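Residue numbers (numbering that gives the first Met the number 0), protein chains in the order written: chain X, 0 to 287; chain P, 0 to 272; chain H, 0 to 271.
Certain hints may be false.
[What the hints assert, rightly or not] Derived coverage of chain P by chain X (criterion: at least 3 residues anywhere in the stretch with Cβ under 8 Å from a Cβ of chain X; other residues may be distant): (1) 60-73; (2) 102-111; (3) 221-228.
[To be verified] Which residues of chain P face chain X? A partial, calculated answer using Cβ under 10 Å: (4) E119; (5) L123; (6) A126; (7) R169; (8) A172.
Derived from the structure by calculation, the hints contain no laboratory data. Keep in mind that this is a model prediction, so the values were computed, not measured. Yeah, the Cβ is synthetic: ideal placement off N, Cα and C, and Gly gets one too.
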Amino acid sequence: MSVAQLAAGRSTPSVLRRASSVGWLTVASTVWMLVLVIVAVIGPLVAPYDPTALDLMNVYAGPSSAHLLGTDETGRDILSRLLVGTAPTLAGPALVVLIAGAVGVLLALSMAWLGGRFDAFLSRVLDIMFAFPGIIVAIVAVSIFGAGFIAPVIALSIAYIPIIARILRTSAIRQRNLPYIAALTVQGASPARMWLTHLLPNLLPIITVQLVVSFSYAILDISAISYLGLGLQPPATDWGLMVASGQPAVIAGHPGQSISAAVVIVITVVALNLIGDRLGEHFDVEQR
Amino acid sequence: MSDVILSAEGLVKAFSVKRLGAGGRESFLAVDTVGFTLHRGGALAIVGESGSGKSTCARMIVGLERATAGTLVVEGRDWNMTRRLSTAERRRRGGVVQMVFQDPYQSLDPRQRAGDCIDEALRLHTALSPVARRARVAELFGQVRLDPGIGQAYPKTLSGGQRQRVAIARALAAEPRILILDEAVSALDVSIQRDVLAVLSGIRADTGVSFLFISHDLPVVRSLCDDVVVLRNGTVVEAGRVQAVLDDPQNDYTRRLIDSVPRRGWKPRRRAA
Amino acid sequence: MSEHLLDVSGLTLDLKVGRDYKPIILGTSWWVDRGEALALVGESGSGKSLSARSVIRLLPPTARLGGDVVFDGVSMLSVPPAQLRAIRASRIAMIFQDPRAYINPIHTVADFLCEGLVRTRGVSRSDARRLAVDRLHDVGIRDADRRLQQLPHELSGGLLQRVMIAAALMAEPTLLLADEPTTALDVTTQEEVMAILDDLRTERGLAMVFITHDLDLATAVCDRLVVMQAGRVVETLGAAEIYTAARDAYTRSLVEARAGFDLPDTNREGVR
Chain X
0 MSVAQLAAGR STPSVLRRAS SVGWLTVAST VWMLVLVIVA VIGPLVAPYD
50 PTALDLMNVY AGPSSAHLLG TDETGRDILS RLLVGTAPTL AGPALVVLIA
100 GAVGVLLALS MAWLGGRFDA FLSRVLDIMF AFPGIIVAIV AVSIFGAGFI
150 APVIALSIAY IPIIARILRT SAIRQRNLPY IAALTVQGAS PARMWLTHLL
200 PNLLPIITVQ LVVSFSYAIL DISAISYLGL GLQPPATDWG LMVASGQPAV
250 IAGHPGQSIS AAVVIVITVV ALNLIGDRLG EHFDVEQR
Chain P
0 MSDVILSAEG LVKAFSVKRL GAGGRESFLA VDTVGFTLHR GGALAIVGES
50 GSGKSTCARM IVGLERATAG TLVVEGRDWN MTRRLSTAER RRRGGVVQMV
100 FQDPYQSLDP RQRAGDCIDE ALRLHTALSP VARRARVAEL FGQVRLDPGI
150 GQAYPKTLSG GQRQRVAIAR ALAAEPRILI LDEAVSALDV SIQRDVLAVL
200 SGIRADTGVS FLFISHDLPV VRSLCDDVVV LRNGTVVEAG RVQAVLDDPQ
250 NDYTRRLIDS VPRRGWKPRR RAA
Chain H
0 MSEHLLDVSG LTLDLKVGRD YKPIILGTSW WVDRGEALAL VGESGSGKSL
50 SARSVIRLLP PTARLGGDVV FDGVSMLSVP PAQLRAIRAS RIAMIFQDPR
100 AYINPIHTVA DFLCEGLVRT RGVSRSDARR LAVDRLHDVG IRDADRRLQQ
150 LPHELSGGLL QRVMIAAALM AEPTLLLADE PTTALDVTTQ EEVMAILDDL
200 RTERGLAMVF ITHDLDLATA VCDRLVVMQA GRVVETLGAA EIYTAARDAY
250 TRSLVEARAG FDLPDTNREG VR
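Turn these sequences into a full structure, and let the hints guide you.
Below is the structure:
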C-alpha cells in the first residue's frame, strides 16, 4: 500500500465510509426522517412567523428571503405552517403504528403460539377485517364520532391490525416451529421467557420493517383524511390540510402551498419505504 | 432400585389428516402401539426410515407431542403423556430427560451467545450463583470438548459440529438422567460425526446418562448403542441387542434395511417392491 | 485435442459474497471418459457440487469461472448461450438432491417429462408421451400412465427422484451430472435408485459424474474417485484402490471415519 493510499484511507472519515456502504439514498432518507422528528419537536420554536398570523397585504407572495416558500391566500407564511404542521402530521400515523403494531404483534404471536382452532378462528376474523380498506373505515368512524384527530387514528389503527398481524403471523409460526423453541420447551422454560427473550427479539427485525413501512402508509392515509376535511380542523394544520386549503389557489395560479405540502408528504413516504427496504435487506443478509 | 430407567408401553399417536381425493378428514396412526425399555446407563436406538414414527416417539416422551394413548414410566414414576403439561411439570421432567435435535443450524437461538444459551439452562435447572454458573458453563464446554472461548460466539460464527456440541452441553446443563438424541449426528459431515460420537461416548462413560438414540443410520447405531428397536410405519418389527439384531436379523424388513447400507464390497441391487 | 468426454483443467470458481469475491474452487483438474462413472467425493464446503454445476455453468450470474472445461471438444466456459442451452437440453443432463426444488409444482409429470422434447426437438406430443412411458418403465415405474397425470406433490421422494432420472434420460444425453441424488432418501430407497441408475448407465454407455459425501456409495457405483477438500482435489484414484491404496491423509481419514462401525455382510444370497 502506498503512502498516498494510506493517506487517502485515513482522510476518509469512517462515518462517510460507513454511509457509502449503506447507500446514499438510505442515508439521505434517514437524515430526512431525523430532521422531521426534530422539527416536529421544535417546529413552533423555529418557525419564522406565527403560522396563523394573517398578513392580508402580502397574500400569494412568491418565494423570497422574507418568506422562503411564499405565503398563502391570507398571507400566512407557508414554511412556518409546514414546520408547525409536522408534529400533527407525524403524530397521528405514529399513534396508528404504535397501537396497530402492539395489537398486531400480540395477535400474531398468540396465533402462532396457540395454533389450532384459536388460530383458524382469528385468521378468519382478520381476513374479514382485511376486506375493509382503512380509509373507508376511517370515513365511517368520522361520520359517527365526528372529525378530528382521535377518530381517524382509532379507525386506522383497527384497519392496520390485520395487515400487520397477518404478515407477522407467518414469520411467528416459522420461528415458533424452529427446534430451538422445542429445545427451550424441553428445558422447561416458561412461555413468558420464550416470548420475551427468544421469539420477540428474533422477530424484531421483521416487526421493525413492517412498522416502518406501515408508518409511511399511515402518513398517506391520515393526510388523505385531513385533505378530505375529516381529520384535523382549522386553524390547526397538518400537511394534508395544507394540500386541501391550497387547492383553490392552484386554479388561481398560485400552487405554492399545495405543492410544497404535497412534496414533503411524498418525500417522507418515499424515504420511509427506502429505509424499510434497506432494513429488510440488511436483516435478510444478517440471518444467513 | 430397578435397572430400568424408562419404559414405554402401548404408545399411540394419531394425527388427523385430510382424506386424499375425497373431502373430510381421517385419522392416521404415526405411532401404533409401540413399546420399549431403556436400561439405566444404557443406550437404546430407535431406528427406522422416514415415516416410521421414530421421531414422534421421542417427541411424545419429552412432551413436545401429546400421545393419543400409552403409558410411560420414568424412574419408577408414571408420566402422563396425553395431557398438556404445565411449565413446572415440563421443567421437572426436563431435569430428567433432555433432547438434542437434528439440525444444528436451527436448534440454537441465533441471537443468543453460546455461553448465554447454556447459562439459561443452568438458571432453569439449578440454584447456582452467577459465579458458580460461569464455572459450570466452562466445565460443560470442556465436557463436549469445546474451547470455553466459544461461549462469547454467536451461533452463526460456529460450524455445524460446534453448534451441535453447544446443543449437547445445553442439554447436559440440566443434569438429565436420560438424553434423547434425535438424529443428532445425521446432518454432520462424517469426520465431524466421528468426533461428536466420541464426545457422546465419553459423556455416557463419565456421567452414566442413558441414551435414547433416534436414527436411521445403522453403522452409527452399532458404534454407540446396546439395544435397538426397529420401527416401520409406526410399529415395532424387531427389537433386541444391537449385535444380535444387526448380525442376525430375524425380520425381512430389518434385513433389507441392513443390506441397503453402502459398505466395502457392496453393490446396489433392485429388489421386488 | 482431449480424448476425454469431459476434461476439466485448472478450474477456478469465485462467488460473490456481499461485496467481495470468495474463492470456492482453487484450480481443480479431472476428467471423465465416455461411459465412465466418476465420483466427486467430499464433505460440505469441498466445492464438489459447484464443480459439477460449473460444467454446465449453472451458477449465479455474478460467479467468476477460470481455467477450462472441455466437453466433447467444446469449451463450456466460452460457448455462446444458445449452444450452451442446446448442450444442456440434449447432451448433458443433471439431477439434484432435492428434486422438488427443480420441478414445477403445478405441472403434471407428463408435462415435466415431455416439455423439453416437444419444445426444443419438435417431437410431437404423442411421441413424447410414448417415450415418457418407456423411460418411466426404465426407472422401474410400472403404472406409468397413472403417474404421468400426477402432480409432483403426490409422489414420494423416491418416486420423484426416479421421475427426475427418467426426465434426464428423455433426450438421450451422453453425460449425467448427479448431485447427491439419494442423500435425501431413505437407505432402502437409495439402494433402489442407485441400482436403477447403475443399470441404465451401463445399458446406454452413459457417462456420469456422481457427487456425494458417501465414500462407500461412491466406491460401489463409480469407476474412479476424485476426493475434494476445501476447493482442491486431494487425490484421484480407482474405486478398487480406495480402501487399500489411498495415500492422502484426508482420504484415509474419510475411509476410516466410517470403518470403525462396519456392518457385517449379512447373508445377502438369502435375500431376493
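We went through each hint and held it up to the structure:
Coverage of a stretch by a chain is defined here by at least three residues with a beta carbon nearer than 8 Å to that chain's beta carbons; for the region 60-73 of chain P and chain X the count is 3, and the condition holds. Using a Cβ-Cβ cut-off of 8 Å, 8 residues of the region 102-111 of chain P lie near chain X, which meets the minimum of three, so the contact claim holds. Closer than 8 Å: that is the beta-carbon criterion, and the region 221-228 of chain P has 0 residues meeting it against chain X, so the requirement of 3 is violated. The beta carbon of E119(P) is positioned within 10 Å of a beta carbon in chain X (closest approach about 8 Å), and the interface hint is therefore held.
With a least beta-carbon distance of about 5 Å to chain X, the hint placing L123(P) at the interface is held under the 10 Å criterion. With a cut of 10 Å, the hint placing A126(P) at the interface with chain X is violated, because the nearest CB-to-CB distance is about 14 Å. Residue-level restraint check for R169(P) holds (minimum Cβ-Cβ distance to chain X is 7 Å; threshold 10 Å). A distance limit of 10 Å between C-beta atoms decides the matter here; for A172(P) the minimum to chain X is near 8 Å, and the interface restraint holds.
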